[in-house]
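Asks: The residues making up each chain are set out below.
2 protein chains.
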Amino acid sequence: MAVAAEQTTQSLPTYADVEAAAKRLAGFAVETPLIENPELNARVRGRVLIKAETLQRTGSFKFRGAFNRISQIPESERARGVLAYSSGNHAQGVAAACGLLDIPATIIMPADAPQAKLDNTRAYGAKVVTYDRYREAREDMAAALLRESGATLVRPYDDPGIIAGQGTCGMELARQAEAQAAKLDVALICCGGGGLSAGCALALDALSPETAVYAVEPDDFDDTGRSLRSGIRESNAGEARSICDALVAPSPGELTFAINRRLLAGGLTVSDDEVRFAMAYAFRRLKLVVEPGGAVCLAALLAGKLTARDKTIALTFSGGNVDPARMAEALAAYPDPR
Amino acid sequence: MAVAAEQTTQSLPTYADVEAAAKRLAGFAVETPLIENPELNARVRGRVLIKAETLQRTGSFKFRGAFNRISQIPESERARGVLAYSSGNHAQGVAAACGLLDIPATIIMPADAPQAKLDNTRAYGAKVVTYDRYREAREDMAAALLRESGATLVRPYDDPGIIAGQGTCGMELARQAEAQAAKLDVALICCGGGGLSAGCALALDALSPETAVYAVEPDDFDDTGRSLRSGIRESNAGEARSICDALVAPSPGELTFAINRRLLAGGLTVSDDEVRFAMAYAFRRLKLVVEPGGAVCLAALLAGKLTARDKTIALTFSGGNVDPARMAEALAAYPDPR
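Quick note, the sequences are listed as chains X and E, same order. FYI, this note's numbering numbers position 134 of the first sequence as 119, with every residue one higher than the one before it. FYI, this note's numbering numbers position 88 of the second sequence as 73, with every residue one higher than the one before it.
Next comes chain X alone, as it looks inside the complex (with noise of 0.2 Å):
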């Protein structure tokens, strides 16, 4: 299914964008290690560099998109609030980088998070709204409560201030990586709505043109991919359903794939259970903690989906926000993957 064409009202951002997003990032992002592992390298017969965004402050990358879009806020309009709608890691970066500005901050986000995000939402001072994931269209709620308050609307991807301060990441990879003497082959992007990949994709053309991205998806939500491909955004089944709470977005975004298309190889998806494995090697062998659609990328590795071999491959987690029941549910499931 395609979503209706829409006129592009923003401009998109730049590569000199992310630049400017490190800026005002210093001292409050975390510049998150680019993990290496011999029997991980072993296991694919290539060389794997995992950029942990687990590490990020609130324990994923969206820190870094929230915080360099609610920097840019007005001093006039701080006061009356910034409102977000949020699966949970977009939730906790906005409710980090409000607290740090000292701006008001509303999170509507589905009574289905996990217990984890909501949480940590809730601990970093933001007043939390919840409503049904399956039931109520968040950006219904969303419109009427900024009736009410006059808050700036912070988006979870389709923004350019987002998309460059996620692209942060990526710039970070790319200079890790060079620093490490890896030229990578391959880097492989979790993608929701996109604005990871779109970010990582900017800092990319600009600082390794030679690498290939790919946008990892879960099955069923793969609509970055298949967007990709017909050349129009498309749509996710209704009826979808994914462990990946991270990355449940309904199509591409507008801005996230004007980029995505531009500069993306592919899509690439994997099913839950092989999300699944991918935890459980990842606390197993890797003694990282990471969410199920942080594991994503791992995932596609791990189950064969790119050729390895020989090859350089960057890859993200893109979030560690995990209940220890997905997570004991995962090393049941797999108690010593290899």
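Calculated directly from the structure, the hints in this document are not laboratory data. Note that this is a predicted model, so its numbers are computed, not measured. Heads up, some of the hints might be wrong.
Treat identical chains as interchangeable: a pair holds within one or across any two.
What the hints assert, rightly or not - DSBU-like, lysine-lysine: derived pairs with alpha carbons at most 30 Å apart: (1) K296 to K8; (2) K112 to K290; (3) K168 to K8; (4) K168 to K112; (5) K112 to K8; (6) K296 to K112; (7) K296 to K168; (8) K290 to K168; (9) K8 to K290.
Add chain E to chain X, keeping to what the hints say.
Replies: Same frame as chain X, but now just chain E:
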């Protein structure tokens, strides 16, 4: 209870041996990241840098010492193999090092060692012989096996090559801290037999002499702390128990204590519950998997066993080889650690 004074039969390693070990380890060991988390900093009102040896090959620092020691076995003796006894992390280090150097390995391990450690040691290709930790003396079993095979015994900590290898962790730590513009006031090192403490103390004494280095031990296994106070090697009570399976050595090593006595500022201790809290904090806030024995330094910090305010503190996460049930227990006990 004090251990009878022994003549030191081997010369003590120096920082030059640590530097030589670093050359041997290049390309085999991982330069593990020094991780900083803004929320942890805010919590303790200081600056905390975590040396994540959980991300080392085999999931613990033990690979460093094992590879350094085993790579120095003369060619003519390699075919007779290597023998080691270990609660599990040294076992994996020895097994992995022997695998890389194509040397047969036999490891004596407690039957109640974490399943992850038993599985991994076998997966690296070693032959595992189990014993009852509380009824059998592993040293006697080792002596019998050595008589049969003529293998080289690789001790877990009381060996100059092992200590020098572990010291490369401290060498990296000092250099990475400097690169991150951190002047270390304190370094907290996980302590069982004292090999990591001794090696890191050698490196820090050379590279960061104003840093106060503390050994951190489980309650009732505070042999190094008590020995530092009395000046002679003290033992732990035979009935002592701890969830920190990696740190239940009976007394300080002869060589390790000779170094630690000279270079350590003191010892700190933590309870099993303080360790569980730290494991849950690491999983939920830092997104790192750490085993009980690897979490003692964070436990000491979070429990306020030292003053962190306005200080820069490095601490080791020495290993991450934990069974999921043990992690689940910690996560259930502390559902929202902050």
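Asks: Determine for every hint whether it applies to the structure shown.
Replies: Structure-based check of all given hints:
In this assembly of identical chains, K296 and K8 lie within 30 Å of each other by CA distance solely across copies; the values are 27 Å between and 32 Å within a copy. Taking the shortest Cα distances, K112 and K290 never come within 30 Å of each other, neither inside one copy (41 Å) nor across copies (35 Å). Taking the shortest alpha-carbon separations for K168 and K8, both the intra-copy value of 25 Å and the inter-copy value of 24 Å come in at or below 30 Å. Proximity of K168 to K112 under the C-alpha cut-off of 30 Å is found in neither arrangement, the shortest distances being 44 Å within a copy and 39 Å between copies.
In the homo-oligomer, the alpha carbons of K112 and K8 lie at most 30 Å apart inside one protomer (29 Å), although the nearest pairing across protomers, at 54 Å, exceeds that limit. Within a single copy, K296 and K112 get their C-alpha atoms no closer than 46 Å, and across copies no closer than 34 Å, so neither meets the 30 Å cut-off. Taking the shortest Cα distances, K296 and K168 sit within 30 Å of each other inside one copy (9 Å), while across copies they are farther apart (39 Å). Taking CA atoms no more than 30 Å apart as the test, K290 paired with K168 passes inside one copy only; the shortest distance there is 21 Å, against 45 Å between copies.
Taking identical chains as interchangeable, the C-alpha atoms of K8 and K290 are never at most 30 Å apart, the minima being 36 Å within one chain and 37 Å between chains.
Checked against the numbered hints above, the structure violates hints 2, 4, 6, 9; every other hint is satisfied.
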